[in-house]
Each structure stands twice: as structure tokens, then as C-alpha cells.
Amino acid sequence: MREKLIEFRNVSFRYGEEEPWVLKDVSFDIYKNEWVAIIGHNGSGKSTIAKLMNGLLFPQEGEIYINGQVVNQDTIWDIRKEVGMVFQNPDNQFVGTTVQDDVAFGMENRGIPRDEMIRRIDESLTAVGMQDYRLTEPHRLSGGQKQRVAIASVLAISPQVLILDEATAMLDPKGRLEIMSTVSNVQDRNELSLITITHDLREVVQAERVIVMNEGVIWDEAKPREIFAKKDRLREIGLDVPFIATLADELNKSGLRISNEPLNHEELLEDLWTLHSKM
Amino acid sequence: MDITFKNVDYIYQENSPFAHKAIENLSFHIPSGSFVAVIGHTGSGKSTLIQHLNGLIRPSNGEVHIGDFRLTNDDKPKNMKELRSRVGVVFQYPEHQLFEETVAKDIAFGPENFGVYKRDIEKRIKEIIPAVGLSEELLERSPFELSGGQMRRVAIAGVLAIKPEILVLDEPTAGLDPRGQKEIMEMFYDLHQKENLTTVLVTHSMEDAVKYADHVIILNKGTKYMEGKPEEVLTQQEALNKVQLDVPEMIEFLYAFEKRFGLPIPFKRQSVKQLADEIQHAMKEAGSHE
Numbered sequence: 001m002r003e004k005l006i007e008f009r010n011v012s013f014r015y016g017e018e019e020p021w022v023l024k025d026v027s028f029d030i031y032k033n034e035w036v037a038i039i040g041h042n043g044s045g046k047s048t049i050a051k052l053m054n055g056l057l058f059p060q061e062g063e064i065y066i067n068g069q070v071v072n073q074d075t076i077w078d079i080r081k082e083v084g085m086v087f088q089n090p091d092n093q094f095v096g097t098t099v100q101d102d103v104a105f106g107m108e109n110r111g112i113p114r115d116e117m118i119r120r121i122d123e124s125l126t127a128v129g130m131q132d133y134r135l136t137e138p139h140r141l142s143g144g145q146k147q148r149v150a151i152a153s154v155l156a157i158s159p160q161v162l163i164l165d166e167a168t169a170m171l172d173p174k175g176r177l178e179i180m181s182t183v184s185n186v187q188d189r190n191e192l193s194l195i196t197i198t199h200d201l202r203e204v205v206q207a208e209r210v211i212v213m214n215e216g217v218i219w220d221e222a223k224p225r226e227i228f229a230k231k232d233r234l235r236e237i238g239l240d241v242p243f244i245a246t247l248a249d250e251l252n253k254s255g256l257r258i259s260n261e262p263l264n265h266e267e268l269l270e271d272l273w274t275l276h277s278k279m
Numbered sequence: 001m002d003i004t005f006k007n008v009d010y011i012y013q014e015n016s017p018f019a020h021k022a023i024e025n026l027s028f029h030i031p032s033g034s035f036v037a038v039i040g041h042t043g044s045g046k047s048t049l050i051q052h053l054n055g056l057i058r059p060s061n062g063e064v065h066i067g068d069f070r071l072t073n074d075d076k077p078k079n080m081k082e083l084r085s086r087v088g089v090v091f092q093y094p095e096h097q098l099f100e101e102t103v104a105k106d107i108a109f110g111p112e113n114f115g116v117y118k119r120d121i122e123k124r125i126k127e128i129i130p131a132v133g134l135s136e137e138l139l140e141r142s143p144f145e146l147s148g149g150q151m152r153r154v155a156i157a158g159v160l161a162i163k164p165e166i167l168v169l170d171e172p173t174a175g176l177d178p179r180g181q182k183e184i185m186e187m188f189y190d191l192h193q194k195e196n197l198t199t200v201l202v203t204h205s206m207e208d209a210v211k212y213a214d215h216v217i218i219l220n221k222g223t224k225y226m227e228g229k230p231e232e233v234l235t236q237q238e239a240l241n242k243v244q245l246d247v248p249e250m251i252e253f254l255y256a257f258e259k260r261f262g263l264p265i266p267f268k269r270q271s272v273k274q275l276a277d278e279i280q281h282a283m284k285e286a287g288s289h290e
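Protein chains in written order, with the UniProt record's numbering: chain A, 1 to 279; chain B, 1 to 290.
Pulled out of the complex, with its shape left as it was, chain B reads as follows (with noise of 0.2 Å):
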């Protein structure tokens, strides 16, 4: 399902002494497929933009399109419920929000509520279940007696079991050890690719975007400050600088090796192994030219 936002404007409180404006005048368009991470600091809009996406708030003004739903500020779809089924939203700490008394029941607990059959249910839990990491010996194991790690699979496991077509989450990797981090963060790439989902991936981590995402969105204040490919986007330290944002360590490298050594090596998200050997290469060369 495709994304797009025209002109929106969000404001919490509207009409009260409170008033406070969260996104203003937000425009953009995410294609169905892609793998788009959104970026910005604490307060910049983020969480408020993902609200949008299954329909938790309207847009104060403009308009926000996932698919064939259309959300404004006056009109719902009548079908909100079908929106959310299509749209699953990992929020942040999604462990907080396990409840039930064992893993199985509460993976089963959004799609009952979607009116998915217990015996479809149960085949999408076995499937589920060896995705994201855990084994069935959980199943029947109370979530609250699981490690902080297990737990928060537990959660991701009960979002995928809606089959959403757009996944949305929001700094899933937070609080989890570096092996954590990674192996939550192949699992959705895996995912996306395998599932042919659309990803929108709440992040702080300049690494993470560079690595997973095709498009990248820069939120400051409430606004876009930048949109592109993460190439383009995540090159352009002065810009990102400019609202205390870093480029992922890599770029930062590169261009402090450029200005002490007069070589430019161009980024495009090589791996570690093949910039050492490039940096070998252009020092050769410049060495031979001497």
C-alpha cells in the first residue's frame, strides 16, 4: 500500500490555550515496497507522523492517504477497522503492552479481534514464531516470565500475526544488547523483503537507516527538512550538522580522510571489508604517483 501525506498539519489540543502544532504543512509520498526510515530528534514529529499511519489521530489539516483510505480532519473511513488490520505499528518498549497469560494467547489476541479463525491463527503462530526468533516451547510459558529480549519478540511476533501490509515501528531496537539490535532489525529486513512489506522504521540510528533503508525522511521541528535516498540524504554532514544530527560513522570517516589526504573515496554503502580495500588502493596510487 502506498503512503502519502498532503499538506498536513497536526495539533494537539487545537483551540485551547494548549494549542501546540507537533507537524506542520507535511508532504510526502511513499511508494508501496519500500523501506523508508524516519529521522529526527525527540520532538521533531516522529511519533506523531506514525499516529497517522492506522488512523490513531486525523490530520488537522490536509490529507493523509494509506492505500484506498483517505484520513482529514472532518471524514474517517467508515472501514477503520480494516485500516488497522493492514497497517501493524511496533511501538516503542512494545513489551508493555503483553498482557495475557501465555506467549500463544497473546499473539492470538489481534487477530481474534480481526476475526482471523482459531485454526488459521494457530498455522500463522507456527510460522510466526521460528521468524522472529523464539521456539514453541514458549507458546504455553507466561510472557512475563521471559528475558527483556524474549519479550519484546514475543510483542513484535503479536503485531506480524494481523499480516500487516505496512509495518511501522518505532525505534524497535531500543534497549536490546548490539547481537539484540541486529538480529530484531535482520528479522524485519528479512521480512520486508520476503513478505514484499512496506517499512516505515522510526530510528535515532544513522547506521540503521544507511544499511536497511531505500528512502530516508529528516524531521525537524515539525517539518521535512530533507527526503531522498539515504546516499544522497545521510551525505550531507554540514546540512544534518546544522540540526544536531551526525552522519552515520562511515561518511564521517571518509570525509575526515579526504581532507587529510586529498583522496576522495565516494560513498555507496560498501561494506567495511571493501572501503579498507579501497583506502588501500587510492593510498597505493597516490603513493606511486609521489
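Chain A extracted, bound-state conformation (with noise of 0.2 Å):
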């Protein structure tokens, strides 16, 4: 049995008295070196959720438990050591002068003595893929190199959960299989559990299980191949399917049986050939 790093109990919230609830009774867990991926339209409330995760906000129902311990007032400052988030915009979070810097601040806040930051400066921007640049100034990277420096900042607080939090939403093609090849590699290394806000169906295909929001409630949780059979319920919700779930499906009403629900190129191929050899 997995151990339980989150627990959401019966959370709901809202931005305000007269707000509409942006949550409404939303329960689930997420375990340790998982990797979930939360997807849903604009305003579903993925966002609140992550920020509900390290104490950014709080719930106005229920409660949240980060290894066992209740996310509140007194345990933020506990919770935000294993919590570690990275946001949207490149250029928002971005405090250091260098990139060393930059990440050493995370860590000076937290006390952490000189020897020790160096090692982990060190050992978070090799993970990361920027050990060369630990000198070079924030406007001379790309977006992509500005988000890995940001993944860099977090792990070297050593946390046990990663939230992206459409961190690639703003960076082009490369940057975007950058930070997502750094991230599983990170994933695979150490003990990390990864939470990924996404509207990026190859993100969420690489996820091990999918959190679907519809408007403040969970739609669905289930691995991606079960949610993505959904297909035509994904699509009346804004969502979208990735485009060889859809193939497959046409491939279905025009008289190929396509049984597995293939979810990359590989597989459907796969699916045809197996097909092509009893014709």
C-alpha cells in the first residue's frame, strides 16, 4: 500500500463571502512518488487547489493534510519546506541576480548553513541541467532555462511534493520538452512526488493518474487511458482529447476495431498492425 503524502477532506472554498464557491466538498489524496496530473477548463479551480496545498490559501470547509499534519496558520512555515511550487510566468519568480543566487534564496530563508547550500546549488542545477550557468544573469536565459532555474530553486529545499503549475504554459515547443524531460528526471532520481496543472494533453498522457475539475467539484480520477476514453464527456466539459485517442475512435466507426485505447503513436501502430496481419 502507498503512503499518503496530501489528504483533502471535504474542502470547499471561496474568494470571498458574497464568492461563489470555487471548490465545493472536494476529497482526494495523492500519494508518495506519485505523479498526477490536474486538468479541468479556466476557473474549475486547479489553480486553488495548488495554492490550498502550501498554505497560500485556506479552506473555509474542511481540511488538508500534508504528511499527517493539517495545513493551517501554525504549520504553514513546516508545510511550505515540503511543498515546493513553480508558477506560470518565467519572470515573476525569478528574485536572484544570478542563477546561484537565485536559488540560494529559497534556502537562506530557511537557514540552511553555507557548506550545505553550496552542495545543494550545486547538486539542484546539475539535476536540472543549468550547472553551467550558475553565473549568468535571469535576462540572459530563455523561458525555458528561467523555469528549469525555478525547478532548481525548489528542489534544493528538498521538498516531497513538485506542483507545476502550468509551467509551460508560456514557453515555446522546446521549452516546454525541456522542462518536462528535466522534471521526470528529477522524479525518477529522487523521492518526489509531482503534481502537474496542465492543459498539455502530452503532459497529462506521462501522468500516472488524472484528476479531472469541473467546476469546483472532481469529474473524474482515474489513469489517463480510462480518462481519455471519455472522449466525447471530455469534449462537452472544454476539454480536449489527444488527437490519437481520437483517431482511434474514427478508426472504430469506420469499421477498424481499435481495442486498447491507444495513447501514443507506438501503440496505435501497434493496434493496426496486430489488425493488418489477420486481414
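Source of the hints: derived by calculation from the structure; they are not laboratory data. Misleading hints may appear alongside valid ones.
Derived pair list, reagent style DSS-like, types lysine-lysine, alpha-carbon separation capped at 30 Å [to be verified]:
id : chain 1 : residue 1 : chain 2 : residue 2
1  : B       : K273      : A       : K223
2  : A       : K230      : B       : K268
3  : A       : K24       : B       : K182
4  : B       : K118      : B       : K105
5  : A       : K278      : B       : K273
6  : A       : K174      : B       : K242
7  : A       : K51       : B       : K242
8  : A       : K230      : B       : K273
9  : B       : K284      : A       : K230
10 : A       : K174      : B       : K21
11 : B       : K126      : A       : K174
12 : B       : K242      : A       : K230
13 : A       : K174      : B       : K105
14 : B       : K163      : B       : K126
15 : B       : K182      : A       : K231
16 : A       : K231      : B       : K242
17 : B       : K126      : A       : K253
18 : A       : K230      : B       : K211
19 : B       : K273      : A       : K253
To give an idea of the chain B side of the interface with chain A (calculated C-beta under 8 Å), a few residues [unchecked claim]:
id : residue
20 : H41
21 : T42
22 : G149
23 : D170
24 : T173
25 : L176
26 : H204
27 : D246
28 : F253
29 : A256
30 : I265
31 : K268
32 : V272
33 : K273
One-sided excerpt, in silico: chain B residues whose CB lies under 10 Å from chain A [unchecked claim]:
id : residue
34 : Q181
35 : E195
36 : N196
37 : E207
38 : L245
39 : P248
40 : E252
All C-beta atoms in this analysis are idealised placements derived from N, C-alpha and C, irrespective of residue type, glycine included.
Relying on the hints, combine the two individually framed chains into one complex.
So, in C-alpha cells, the structure goes:
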């Protein structure tokens, strides 16, 4: 049985007394070392969930536990050591004048000794492939590179969970690939849970589990393959379906029976090949 | 209005130690009424290119022609304001530029500055609001109370309200959810056809380029790397991969399919449904020959 890292228990949240509920009675668990993608239309409550996880916001109803510890005003400083977050805009989260200063910032705030800091700067920059840029100024970096430094800064705190809140949305395709390969590398090598909040279907397909939010409630929670099997219903709530899943659907309608809900090119070609050899 | 670039260079901070050439010897011609996609990575010169289109910057060398307006390093048109009233630019994250008290005032700001009569502005707003998918109830609300998607639409309405002949779109769907992205692109495509606009779309999305554009320009490191019809340019996997771009996913699949089955299916911007039928046919025929 996997160990629980994050627990949401009947969480409801709204931004003000007169405002509509953004989250309504939301409950779910996230396990240690698990990769979970959270998807949903804009305004579905995805980012609110992220901000509740590290105490940037507090729920009006329900409780949130990180490692069994309830999130409240008294625990947020402990909680934030465990929950690292990277946001959408690479230009809004760079605080240092050089790459290494930026990575050091979070550690300085936590009073980590200098020798330890130097070791961790080295480690975390190497993990994201930015070790050659230690002394580079932020404005000389591309968007993808800035986001990698942001990830390194979070890793230096060695949290138990890394949340990427649309961290690739402002990057070009090359920057997106950089980030996703960096992240899966880092997760392979460390004890780390990963939560990616995203509209990018390729990112969703990589996750172990997907939580689909719709109008403040959990609409579904399952493996990517099971989620994308519900194509028409996903489209109804404003979400997209990978090209391969759409094509498999159309192939089925045209009389070629594709059985396994393929998620990538290789899987669909394999299914077609099996059919082909039976023709 | 036609758009022509003739051997354009653009150098930031020219004659200083920080001089940086963002565009080099760039030439192309966009006939009036085209829908052009400009594709390239960060730093490829896309944003520098579009800033020439309404004279925000002028070329360091070479010439830019927008209709009858001519921009060179030492000469700018006297009627720059008129150029800007005919070229509407939707910048990235345009909702960051909202500033007025109400949606109606924000949309009216552009045309007011270009001297359009109040009565006419009101008429334009009435036409534009449904076109961008907003309801009239929002007109007296503060734009800052709206959702991100609605704010984006208000900002776009503000550009459309000047009734441009050339519409320049710099990644107009960035940050929207899939439905929002589709709605906004369909809206631009619709307007492009109805109003007979010349549209320049800067995008990272090969899928949007292949779906909406009739002409594609690929930039790499400030120079033109490729140019032509989407079905000619965006099918060149090797050349695109060389500059770290991908072909649209359907084309990628067609190549993988051909490699595996030895059955070529040409790309002709078919729908997924059509493609499924073609695959089914191709496989059936191959099967019956064996």
C-alpha cells in the first residue's frame, strides 16, 4: 500500500463571503512518489487546489493534511518545506541577480548552513541541467531555462512534492520539452511526488493518474487511458482529447476495431499492425 | 493591404556594445487577404517582425511596405497614425493592457483616439461584442471583475473596434483552456473571411498553422528558414526537426504509418474522420493484394 502524502477532506473554498464557491466538497489523496496531473477548464478550481496545498490560501470548510499534518497558520512554515511550487510566468519568480543567487534565496530563508547550501546549489542545478549557468544573469536566459532554475530553487529545499502550476504554458515547444524531461528525470532519481496542473495533453499522458476538475468539483479521477476513453464527455466540459485517441475513435467508426485505447503513436500503430496481420 | 519586407535587418541598440541583430536580410511578400502563420522559437525574430507592421519600429536596413506606407531607417510615413488605425495588433496577454473603468470605455479607447464619432463607436461596439463571444450585460462592468478568458475577449474587442484591415495576432490563445483556444481561433478565422482581413498569426502551434493559414513563414535566428503553403512546408519533417520544430501531429503519424506499413497516405489537410477512412481503405486494399 502506498503512503499518503496529501489528503483533501471535504474541502470547500471561496474567495469572499459574497463570492461563488470555487471548490465544493473536494476530497482526494496524493501518494508518495506519485505523478498526478490535474486538468480542467479555466476557472474549474485547479490552481486554487495548488494554492491550498501550501497554505497560500485556507479552506472555509474541510481539512487538508500534508504528511498527516493539518495545513493552518501555525504549520505553514513546516508545510512549505515539503511543498514546492513553480508558477506559470518565468519572469515573476526570479528573485536573484544570478542563477546561483536565485537558487540560494529559498535556502537562506530557511537558515541552511553555507557549506550545505553550496552542495545543494550544485546538486539541484545539475539535476535540471543548468550547472554551467551559475553566474548567468536571469535576462540572458530563455523562458525554459528560467523555469528550470525555478525548479532547481525548489529542489534545493528538497520538498516531498513539486507542484507545476501551468509551468510550461508560456514556453515554446522546445522549452516545454526541456521542462518535462527535466521533471521526469528529477522524479525518477528522487523521492518526490509530482503534481502537474496543465492543459497540455502530452503532459497529461505522462502522469500516472489524472484528476479532472469541472466547476469546482472532481469530475473524474483515473489513469490517463481511462480518462481519455471518455472523449465526447471530456469535450463537453471544454477539454481536449489527444489526436491519437480521436483517430482511434474514428477508425473504430470506419470499421477497424481498435481495442486498447491507444495513447501514443506506437500503441496505435501496434494495434493497426495486429489487425493488418489478420486481414 | 499587402505586406512586403525587402532585405530587412533590425538591430537592437545599434552602434553600442550591446548591439544585437534580431532580424537579418528578411524578405517576403504577403498578398492582401492572406492568412499567414509566422512560426519560430523564442528569439527567432517573430516579435521584432510584427513590431514593424504598425511602425512601432523601423528597419535598420531595408524596406517595409504596408499597403502604400513605406518604412525605412531614415524615413517614416507622415501619417503614422493612419497606418496604426489600419493595422490592429493583438499582443501577447492583451488583457494586461486593460485599464478603463468599464468594458465599454475600454473598447472605445482605440477608436476614440483615432477620431471616430461617438455614435459610430457605439454602433461598432454593438457589432463586436457578439462577434467576440461576450454579452452586452458586461459593457458597464469593470473589466477587472471578469474571468481571464473574458478579459482577453474585451482586449481583442478593443483592437477590432478600430476596424483594422490587417490583423496581427501574437500568440492570441496562450494560457487559455482548450475550448477557449478553439473559440478564439474560430472567431479570428471567421472575421478574417467575413471582413476580408489580412491576418498575421504568430504561433507555436503547428496545429493552428495547418488548420487556419494559407501561407507559412518559418523563422530561425532572425532569418527566413522556410516559406510556402502549409501542406508543403509543414510536411518537411527533417528540415523542421533541424531547427527543433515538429511537424503537426497528423503528419507525424502519417510518416510513422508509411514506415510501418509501406502505405503512403498524402497529407491534404484532411479531417481526422477522412484520415480514418483513408487508413481503412489503404489497409483493406493492401490486405486484398496479399
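Do the numbers back the hint for E252(B), that is, is its least Cβ distance to chain A under 10 Å? Hint on E252(B): holds, closest Cβ of chain A at ~7 Å, below 10 Å.
Against the 30 Å threshold, does the CA-CA distance of K182(B) and K231(A) hold or violate the hint? Since the Cα atoms of K182(B) and K231(A) sit roughly 16 Å apart, the hinted pair holds (cutoff 30 Å).
Checking hints one by one. Is A256(B) an interface residue toward chain A, by the C-beta closer than 8 Å rule? For A256(B), the interface hint holds, since the closest Cβ of chain A sits about 5 Å away, which is under 8 Å.
Closer than 8 Å between Cβ atoms is the bar; does F253(B) clear it against chain A? Give me holds or violated. 6 Å, holds
Hint check: 10 Å Cβ-Cβ cutoff, Q181(B) to chain A: With a closest approach of 8 Å, the Q181(B) hint holds.
Run the distance test for K174(A) versus K21(B): straight-line Cα separation, threshold 30 Å. 22 Å, holds
Can the restraint linking K273(B) and K223(A) be considered satisfied, given a maximum Cα separation of 30 Å? Answer holds: K273(B) to K223(A) is near 26 Å, not above 30 Å.
Check the hint pairing K230(A) with K268(B) against an upper bound of 30 Å on the C-alpha distance. Measuring from Cα to Cα gives roughly 29 Å; hence the hint holds.
Are the Cα positions of K231(A) and K242(B) separated by 30 Å at most? Cα-Cα ~34 Å, so violated.
Once the shortest beta carbon distance from T42(B) to chain A is found, is it less than 8 Å? Because about 5 Å separates T42(B) from the closest Cβ in chain A, which is inside the 8 Å limit, the hint holds.
Decide if the proposed pair is consistent with the structure: K278(A) and K273(B), CA atoms, cutoff 30 Å inclusive. Distance ~23 Å between K278(A) and K273(B) Cα, so the pair holds.
When you check the alpha-carbon spacing of K230(A) and K211(B), does it fall within 30 Å? 25 Å, holds
Taken one by one, the earlier hints fail for this structure at numbers 7, 11, 12, 13, 16, 17, 23, 24, 30, 31, 35, 36, listed in ascending order.
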